[in-house]
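A.B. asks: Taking the hints into account, I'd like the entire structure generated from these sequences.
Heads up: the protein sequence lines correspond to chains A, B and C, in order.
In terms of the working numbering, the first sequence has 444 at position 444, counting the first letter as 1, and numbering is strictly consecutive.
Here the working numbering = 1-based position in the second sequence + 1000.
Here the working numbering = 1-based position in the third sequence + 2000.
Quick caveat, the hints were computed from the structure, so don't treat them as lab data.
Just so you have them, the derived chain B footprint on chain A, three or more residues with Cβ under 8 Å: (1) 167-178; (2) 203-211; (3) 410-423; (4) 440-447.
For clarity, every value in this text was computed on a predicted model and none was experimentally measured.
For each residue, glycine too, the CB sits at the ideal point set by N, CA and C.
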Amino acid sequence: MADKKIMDEQNRFIEGTNIEKHREWRGLKDTWYDYTQWIKLLVIVMKFVAISPFRIARGVLEYRWMGSYLAAFNMRDRCMEGLRGPALQVANEQLNTIMSATTTQIGQMMKGDRRFGDNDFAKKIVLLEQTMPPEIMAGFPNLIPIPLEVYQGLLNCYMDQNACPFYIDVMENAGLPADSCRLSANATGVAINDDFPKIGACVIENNMPCDSSTMNSQVIDRRLGLPSLPAEVPMRWEDRNTDKYSLVQMKRIIKFVEDSTGEKFDEQAFWDVINRHNKEVSNEMEKWEFMQTPYSPIGGTVGALYHATYFTFSGGRNPAFVKTDEKVLKIAKDCYEQKLNAFPKARHRAIMWGGPACYWPQFPNWLYNCWGILVVAAMDSFSGNVTIPTTSLDDALVGIARNHETGVMRRHLTGGWQHLVEFWGEAEKFSCDMVILNNDITCKGALGLTGVILDQAKDKKTRLMMVSNDMFNHVTISRADMRKEVNDYMRAVMQEEPLDASLCDYDDYEGW
Amino acid sequence: MKDLKHLIYFENLLQQADNELVEQGRKDGKLALGYTCYFVPETLLNLPGCFSTRLRAPNTGSIDVGTYYMTNKICSYTRSILERGIEGGYNYLDALLSSETCQMMHRGHEHFELLGLVKNNPKFFMSMMDVPFSDSDNAVDHYEDQIKTKLLQPLHDVYGVDISDDAVRKAIEDHNEISAIITEIGDLRKLPIPPITGYEFHVIQLVSEVCPHYLVMDKLRETLEEVKKRAPEKKPWFRARIVLTGSEIDDPGFTKLLEDCGAMVVADRYCYGSLPGREQIEIKDGETALRAVARHYLRTSQCPRFMETERSTGRREYVKQLVNEYHADGVIYTQMKFCEFWSYERVLGVHVLYEEMGVPTIGIEREYTVTSAGQLRTRFQAFIESLEIKNIQGGNK
Amino acid sequence: MNKTVKTLLILGVGGFAATLVMYWFNLDNKMIYYGVRPLLNKLYDKQKRDVRI
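C.D. replies: Rendered as structure tokens:
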């Protein structure tokens, strides 16, 4: 199934870029499969353009960040590098769903963009800041929750490493120090540069996940010109005494949306979405059972990306995620029953933790192809995963708040130091011999426990490899810098040689 | 001006966290309750049998060990506190009351637990509250609840501290008494030629925060009387009046540096400052004393973490109000290097104050100790000169 | 063979061949990277935007 003889993979790329001279040969069956999935992505893109062709074209010409989405095909290729058989199938199924869901929302953003002419569609949109999950909007079936900033930041950066430094520079020129969280600095830069689409009836801001996002909301608010409400969910989320306050906050948000949009909360629609959210969560738990075995086809880049996507963009609203889960679980079950090793190059199993280098989402693929390190799961996969109670509306609202409190990045950076070091336990659970700690140099919540983590590592059998990154800014710490850190560790500490030496050291600085 | 009688004594008290008055307080059988953040109500740390001591790390040299634990990208204030803790500098504490309000400092406080930094007292505990991001009635409810469960109840359970309404009322009286003294001294800075310098006031304010109130009250009262009668200089010794705002400043050396450059710090709107911090707490009719405390601290706080537009713009308006009240010529926003809250607040503040409100304003970054004094001095001097020129040209009045 | 069917067959086979070539030689990404993005970048750099806090 897997082609262990593939070597010199880097020679397939145009020097200085990450643009392939030709696509990857995976054997006849897998290459044909990959081609059909590429066609599928083409169809997804055509459907996206069909949402509002004229406005989308204007959007590409108007917004610098839109231009980065033209790298979607390249991003897909990078996420599939080195994958074969069931692993390739799972990654494609998940990534296609991600692409479909996100392109739909981008299309909706352009359709409702007042910059290109006002329309009623714009009033149907409710903006959610940062990675705030959309379950709170479950009772508003006629409204469209769209995450603000993710499309101009996180997702953008995944596509194109050159996307965010421009906006970070804008914010730094306004006086923000360069040590500040990149995610927030980027978002503020977009606001200052007047690069947010002019959409929405209102915006729900929030304090997710940390200090800098609490602050960037205040700057962004000045430019949005929309009614806004901060969703203040408690930081100390393990303290059940905070539930009462969380409930008040959720009800406050519902009232705010009703007042701002004129829509009324629909409890029946709410339960439909919540039930689907719970199905997404139970599917994820089922996937984990396979992921803990050596016969799982779920691994590498796409798994965590998929989780972060359904957490941020679906929250039970988009049935496509449940359908994809069914397909993925079937593949996983077949793989397990046949005792198929979907990642035969793997010499190590690893949990990846910490703020990732968003300008290199395919870092796990590289680890696998170059050093045989299979990233079984990443930190984002362990966020949310709250089964929302269906006993009463109040209980459900507290559950939604809990989902928010334990969301992407938030769960592990707030509420107590013990959450940040959960990776030791997860590594054991998923039979991993390594932890790769993404050392985001601007993430104060994580940096603050560095010494404790290093002290703990001395007593553990699980290997700890720390790899520095600058989240959205490849100018400070490039992909090549990251590769060097890994190469040095693997050679010096693990005393190993790479599976494909051509992948160790190469220049892709000018690539997407 | 004639030297203040107790100034040198006060300055000496600030040379170490475990100063002679803190030692005396412990000898008197009182509990030393440490804190750093405004959201931990100082008032409640002065319940009968307790005294509050706001943590500082004076005369900090190397912070290498603190840096190992937290990296060099965490604010040096947090690292200095941690370093001092690791050295045993806070072994006198009976409890550390904390809040998850600032990511860095809360991590710093977690190390007290993780590394067992207070070894003298087996009953020592660190307790952390959740604090809301707004000041609505619901937010006050939540805050009050957190104070009850995370601050008062542990003190009662571990040390048998009286946390009744009467005890809280007593603590409020203590707070109001010391605040009245400090406020009265501070108000004298509004005069055209104040009988007190910003540096002297900074020392006095800090002493009121780090020492047991009952041991320092008399001297503060005496200082108030002394300052009221003090003959000011015939001509202003300063060239510009400044409102100093920003994040944590517990080093009076910083204020001294600024004033050596020709400024007079007329208003101290920063963490560890008196604005806010020394207002009277009023107990409304039908309200419990605890409710009054919760309401007071949440609604007077000028912390940047209050996200709502009204509170956010309100902070700049408050600074402008201070400019007017204290007849200031300009504003300096300071930010501890690596502080996420104040890095954004500084950007916003400098922009709004200067561009929208027409108040000359600069923003500076600083470390916990005044290490790059040369660079700061240059910036201060340039700013003060520009204010002086503006005044001469009559542009400000 | 019916003319319509013939045309559809030719289009189908032609489309398949074209997409296969495009896929294999990564012409989609090359076209965007070397052709479209440089033009777009020039456009973005020339833009005047309402830059303010």
